[in-house]
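Colleague: Using the sequences provided together with the hints, build the complete structure.
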Amino acid sequence: MSLDVSVLVGAEQVLDIAGDVWSSLAGPEEVLVPLPASPAHLPLDALSAWVLVLGPWSGAVVVTTGASTALELTRALLRAADDEELTAEDVTDALGEVANVVGGNVKSLLTAPSVLGLPQVGHGMEAPTGEVVVQLDLSWRGQPLCLSLRSTAPTGVRGPRTPPTDPEGQP
Amino acid sequence: MKILVADDSRVMRQIVIRTLRQAGYDGHDVVEAQDGREALEKVAAEAPDLVLSDWNMPEMTGIECLRALRAAGSQVPFGFVTSEGSDDMRATAASAGALFLIAKPFTPEAFDAVLAPVLG
Numbered sequence: 001m002s003l004d005v006s007v008l009v010g011a012e013q014v015l016d017i018a019g020d021v022w023s024s025l026a027g028p029e030e031v032l033v034p035l036p037a038s039p040a041h042l043p044l045d046a047l048s049a050w051v052l053v054l055g056p057w058s059g060a061v062v063v064t065t066g067a068s069t070a071l072e073l074t075r076a077l078l079r080a081a082d083d084e085e086l087t088a089e090d091v092t093d094a095l096g097e098v099a100n101v102v103g104g105n106v107k108s109l110l111t112a113p114s115v116l117g118l119p120q121v122g123h124g125m126e127a128p129t130g131e132v133v134v135q136l137d138l139s140w141r142g143q144p145l146c147l148s149l150r151s152t153a154p155t156g157v158r159g160p161r162t163p164p165t166d167p168e169g170q171p
Numbered sequence: 172m173k174i175l176v177a178d179d180s181r182v183m184r185q186i187v188i189r190t191l192r193q194a195g196y197d198g199h200d201v202v203e204a205q206d207g208r209e210a211l212e213k214v215a216a217e218a219p220d221l222v223l224s225d226w227n228m229p230e231m232t233g234i235e236c237l238r239a240l241r242a243a244g245s246q247v248p249f250g251f252v253t254s255e256g257s258d259d260m261r262a263t264a265a266s267a268g269a270l271f272l273i274a275k276p277f278t279p280e281a282f283d284a285v286l287a288p289v290l291g
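Heads up: the sequence lines are chains A and B, in that order. Position 98, counted from 1, in the first sequence is what the working numbering calls 98; the numbers after and before it change by one each time, with no gaps. Position 77, counted from 1, in the second sequence is what the working numbering calls 248; the numbers after and before it change by one each time, with no gaps.
No false leads were slipped in.
Pairwise CB distance ranges, derived in the manner of DEER restraints: (1) B:266 to A:37: 41 to 51 Å; (2) A:68 to B:181: 13 to 23 Å; (3) B:246 to A:129: 42 to 52 Å; (4) A:6 to B:215: 46 to 56 Å.
Which chain B residues face chain A? A few, computed with CB under 10 Å, are given here: (5) 178; (6) 180; (7) 181; (8) 182; (9) 185; (10) 226; (11) 228; (12) 254.
Hint data in this document are derived by calculation from the structure and do not stem from the laboratory. For each residue, glycine too, the CB sits at the ideal point set by N, CA and C.
Modeller: What follows is the structure, given as structure tokens:
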């Protein structure tokens with residue numbers, strides 16, 4: 001049995017979910033602004049966080065942004081001061097949790113029972129590929145950030161989250 | 172009172188603790204656990220008055236932790252704070268003995284609505 005996810009989940013719904021996540025977790029004044037032109041130009045050091053959804057529809061919810069924006073997002077989530085030192089593990093944790101919350105809410109829109117994987121984080125190119133169902137090119141605090149929903153072949157649910165292995169990608 | 176916050180994300184544990192404070196529950200002791208198994212151990216060791224647990228965690232999930240607690244005879248008040256708030260999950264949580272399920276993202280008001288009857 002397969003599920004036409006595009007009927008159940010559209011760009012507007014994902015944007016609503018992401019907006020709620022940002023205002024709740026990053027702060028009530030934090031907004032995501034859709035970019036007029038796509039695709040967003042992400043820096044080479046971009047990080048991706050994703051969660052897999054497995055069920056009649058299998059896919060991934062992916063959040064991708066530059067390493068410095070991921071660090072800034074982590075600071076916002078933790079309400080950390082500008083001079084507070086954060087670790088690569090903090091950034092992995094924060095970006096993964098953002099993907100997890102967006103993914104959990106996307107999963108709730110599906111009509112059939114599914115399983116949500118644990119969040120995974122890697123460099124931008126490491127995210128699962130597949131048919132793009134929803135692609136949102138956004139700006140947060142003037143920096144590009146992409147959110148996508150991709151159909152994937154079932155590969156099993158992996159976890160837990162681990163930081164990227166390339167030290168150049170760490171903050 | 173003592174509150175046990177279980178989540179595999181340290182960032183989310185901090186957000187939950189901050190939201191507890193924003194909801195007006197800042198006078199309580201907070202104990203943290205990073206998965207269901209550690210939560211199970213800390214319920215025995217710390218005797219919390221309330222457990223706030225994520226659902227999807229490595230080692231032992233939140234629902235497995237709750238079922239293990241009830242099977243062992245513990246009646247500690249238990250609520251979920253999780254990214255999935257479907258009707259199915261709420262029903263599963265309730266049937267296992269959870270008092271409530273708060274879906275992420277959440278607000279201090281959502282915390283207060285479910286915690287007031289438990290923490291007063």
